[in-house]
Amino acid sequence: MPLRKIIFWVHLAAGLVAGLVIGAMSVTGIAIAFEEEILRWYDRKVSRVEVPTEKRLSVEELVRCIEAPSSGEPVSSIAMFSDPARAWQVHLGSDGPFYADPFTGGIRESRSHGVHEVLHLLEEWHRWLGAKEGLESGGRLVTGISNLALVFLCGTGLWLWFPRRWSWRAIRPLLLLKTSYKGKARDFN
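The opening position of the sequence shown corresponds to residue 398 in our numbering, with each subsequent residue numbered one higher.
Hints in this document: simulated from the structure, not taken from any laboratory.
Fair warning: there could be bad hints in the mix.
Said to hold, decoys possible - The following label-pair restraints were derived from C-beta to C-beta distances:
id, residue 1, residue 2, range
1, 420, 470, 40 to 46 Å
2, 521, 478, 27 to 33 Å
3, 478, 524, 26 to 32 Å
4, 453, 417, 47 to 53 Å
5, 442, 479, 18 to 24 Å
Stated by the list, open to error - Below 30 Å or equal to it, Euclidean Cα-Cα: the simulated DSSO-like pairs (lysine-lysine) are:
id, residue 1, residue 2
6, 402, 575
7, 402, 581
8, 452, 442
Just so it is clear, the structure is predicted and the values come from calculations on it, not from any experiment.
Note that CB positions come from ideal geometry on N, CA and C, so glycine has one too.
Make a model of the complete structure from these sequences and hints.
Right, dumping it as structure tokens:
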């Protein structure tokens, strides 16, 4: 069997096997990349406040308003936004996020806890293919091998795509678009 045919079949088999893992990592990676936007969209009703004519509370006043009714947990972080109609995001200890009205000090709980859990599960699938605790190294190995297979696929794909004999006649169709083709011939040009 010629070398080109062997590389083609290895390329095809590696693409089919690694493609499943790479596809799963791509889909979950998209969700992870847009995590902030997804959570903001889900909490859009509780994260907006009415803008009165009075000034915002200072950070110290807001912390006093929040910590007083809470269960004794200190404020661990506050995310402030320049948009006056957007509530500030507050974390109490390891709990949160909560949304605090920067004008009144009122606090509202986030409704995105379930969505956050789903996104955390997607992150586990992205990193370890959903492997349970203690078995993450196996999932990490599979994703690592799949990523190396992607590099191999890029190299072999280019090698298979290049013409066998280098001449202007062989390279020209690869570089220039032929506009006279119709239908599938145009699509695969």
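Checked hints:
1. 420 / 470: 40 to 46 Å: The hint (40 to 46 Å, Cβ to Cβ) holds, given that residue 420 and residue 470 are roughly 42 Å apart.
2. 521 / 478: 27 to 33 Å: Holds - the Cβ-Cβ distance for residue 521 and residue 478, about 30 Å, lies within 27 to 33 Å.
3. 478 / 524: 26 to 32 Å: Check passed, 30 Å falls within 26 to 32 Å.
4. 453 / 417: 47 to 53 Å: For residue 453 and residue 417 the Cβ distance comes to about 51 Å; the hint holds.
5. 442 / 479: 18 to 24 Å: Taking Cβ atoms as reference, residue 442 and residue 479 lie about 20 Å apart, which means the hint holds.
6. 402 / 575: 28 Å, holds
7. 402 / 581: 25 Å, holds
8. 452 / 442: At roughly 22 Å apart (the allowed maximum being 30 Å), residue 442 and residue 452 satisfy the hint.
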